[in-house]
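**Student:** Chain by chain, the residues run as shown.
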Amino acid sequence: MSEYTWLVPLPVVMPLFAAGLTLALYRHPRAQRVISVLALSLMVAVGVGLLFLADSGPVVVDIGGWAAPVGIDLVADRLSSLMLTVSSTVMLCVLLYSLGQGITDGDEAAPVSIYHPTYLVLAAGVSNAFLAGDLFNLYVGFEILLAASYVLLTLGGTGERIRAGSIYVIVALLSSIIFLVAIALVYAATGTVNLAQLAQRLPEIDPGVALVLQLLLLLAFGIKAAIFPLSAWLPDSYPTAPAPVTAVFAGLLTKVGVYAIMRTQTLLFTDGRLDTLLMWLALATMVIGILGAVAQSDIKRLLSFTLVSHIGYMLFGIALASQAGLGASIFYVAHHITVQTTLFLVVGLVERRGGSTSLDRLGGLAKIAPGLAILFFIPAMNLAGIPPLSGFLGKVGLLEAGVAQGTALAYTLVVGSVVTSLLTLYAIVKAWNKAFWQTPPEPLPDATLPGSMVGPTAALVGVGLLLTVVAGPLYSYSDRAAATMQDTSQYIDAVLGPDGRGEGDSTDSVPNPGIDNTPVPTPSGTPADDSSATTDGGDS
Amino acid sequence: MDLIDTSPNLLLVLAIGVLFTTGVYLLLERSLTRVLIGFILIGNGANLLFLVAGGRAGGAPIIGDTDPADMSDPLPQAMVLTAIVITLALTAFVLAMAYRSWQLHGHDEVQDDLEDKRIVRIAAKNAPTYNDTDSEEDSESADEQAAEARDETERGTP
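Here the protein sequences line up with chains A and B, keeping their order. The numbering used here puts the first residue of the first sequence at 1, with every later residue one more than the last. The numbering used here puts the first residue of the second sequence at 1001, with every later residue one more than the last.
The shape of chain A in the complex, shown without the other chains (with noise of 0.2 Å):
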């Protein structure tokens, strides 16, 4: 396994090199276009590597050969490489779908010189958050895909992007310095951010300031992940985007927030304490959410609404902190990001034929345009969870987890999953009636679609579908990968060993500082670091 790590820094190295390449040749679309495609496939590639390599334990990488928790690693257990491959595969398939938009309109007014660079660092900041093994790692994790996004959502700064950018920005910067003061108060209590040592020292230190660390985590996570009260910046920024942009935010920046809540959960804050309140949030989130959808008269703000409606599903799961529910919401986020992505992708081309996303304008598509139908009733069937889909399947495990818990806020949430799944067939087949059946109220414009953007389409179609007749070894790939976040000490062991630190230099129990390693004596007064009581006696 070891003759592997390598593997695990190149889905961060890589997009960022090609960032820097493609920004150095902004004079050369065409080679901008090779390079991003080449960096997104290679991470593809990458991440399905490490999917087999974390099926038999978690890669560790110390980097820059610094031992674990004095240096910073790279952690790649199941679901990291999961989400890793699933996002690498979206982002691939939405970069073709923009590049098929680019070709096709000529992109005269845009500046697509930096639309390439832009979207690659945003796929390594992803990639860094899925794997950061460290707590301030996160943070720049989330800084790299959310400056990115800050980017991407204004491109072209039209007057409407500018005052939904405004929004999204004000709200992501208060979101990232509350991360920022939880991370000093967790350093302040506990002398490290590394999550395998935090995990060790978190149950030692006072529970009254152990739920406050919890409690601003869950807050700056909730933001990103927009959980109910922490929601509403989100139908209201993502839509203005342009299609591709909006649908690369929807199925994966809400899904760092989730999987950062779900390592947090797990591996921090194992006394599950807040678990009735993430029950609660989780209700909150699925039935206002839906409600939102249901009053909508855009498809765009329709999807931004049942977007945020699903997250609670994943909260859902991750509340009731049982192996049954984290792998149905590891199942489940895995869905949302493929399922999520395409009908905004399909909204794309609904837009370009339709002339409009509004419902009151559009009407008649699925005679003019049946291939399109098609497009859009796959996902959307999906999406609202009708059997044999992966949608349902996901569902069902999260309700066979919730059944099993058994308590009474259990069976409400349950209940809740239900009608929320119900209130979503019921917006996305008002929204399939009037934009396919209704009579168009005026004709619509004439117009063709681009193979070239409906290519990628049917293929992310395709990676939906395919999730379905590959859903059993998924679903207990995502199983596994629950019982691996339920076992705490598989992390802890695959990051610090056995002797309290990871590989590479520093292995010694004094804190090198990192000016040079030459082994010095064990200093009395360590600063801030008391694993010298635990680690004494280790070779120098």
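Some hints could be false.
[As the list claims (entries may be wrong)] Taking lysine-lysine and the DSSO-like style, the derived pairs with C-alpha atoms no more than 30 Å apart in a straight line are: (1) A:K430 x A:K367; (2) A:K430 x B:K1117; (3) B:K1125 x A:K430.
FYI, nobody ran anything at the bench for these hints, they're computed from the structure.
Mind docking chain B on chain A? Use the hints.
**Tutor:** Using the frame of chain A, we list chain B on its own:
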């Protein structure tokens, strides 16, 4: 083993308090420039918080230069440095955004949430939230409403 002295410096704590309160006050403003200043203040408050988290001040953490017992903790400083760089970049971006907003609208105020405006309007006329083809009211798309949402400052809202 003796742990490092982590009792916080009162002056730093007071400074953090002041930075956070003023920062939150400014964040609640409408003007993007003031919001940005609020963000910078809170960001600096968070940076000071890191310094408090690192324990008492000491010598430079270079082996051979300072006795390890007297070193200050270098890790929070490294994290603060990273945070400062990130804040700098984001400040530049928000400034550009505020400037663009000023270019377009002549002001840099953060506009109302679109959904809020719709709810207010719907509540005002107590109408259904969307128009079916069988209800003969004028329909207005989200785009048109968004266009309208921009000129709220001209009505002199606080």
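**Student:** Indicate, hint by hint, whether the structure satisfies it.
**Tutor:** Against the structure, the hints come out as follows:
1. Our distance criterion of 30 Å between C-alpha atoms is met by K430 (chain A) and K367 (chain A), whose separation comes to about 17 Å.
2. A threshold of 30 Å between alpha carbons decides the hint, and for K430 (chain A) with K1117 (chain B) the separation of about 24 Å falls inside it, so the pair holds.
3. Under the criterion of a C-alpha separation no larger than 30 Å, the hint pairing K1125 (chain B) with K430 (chain A) is consistent with the structure, at around 24 Å.
In this structure, none of the earlier numbered hints is contradicted; all agree with it.
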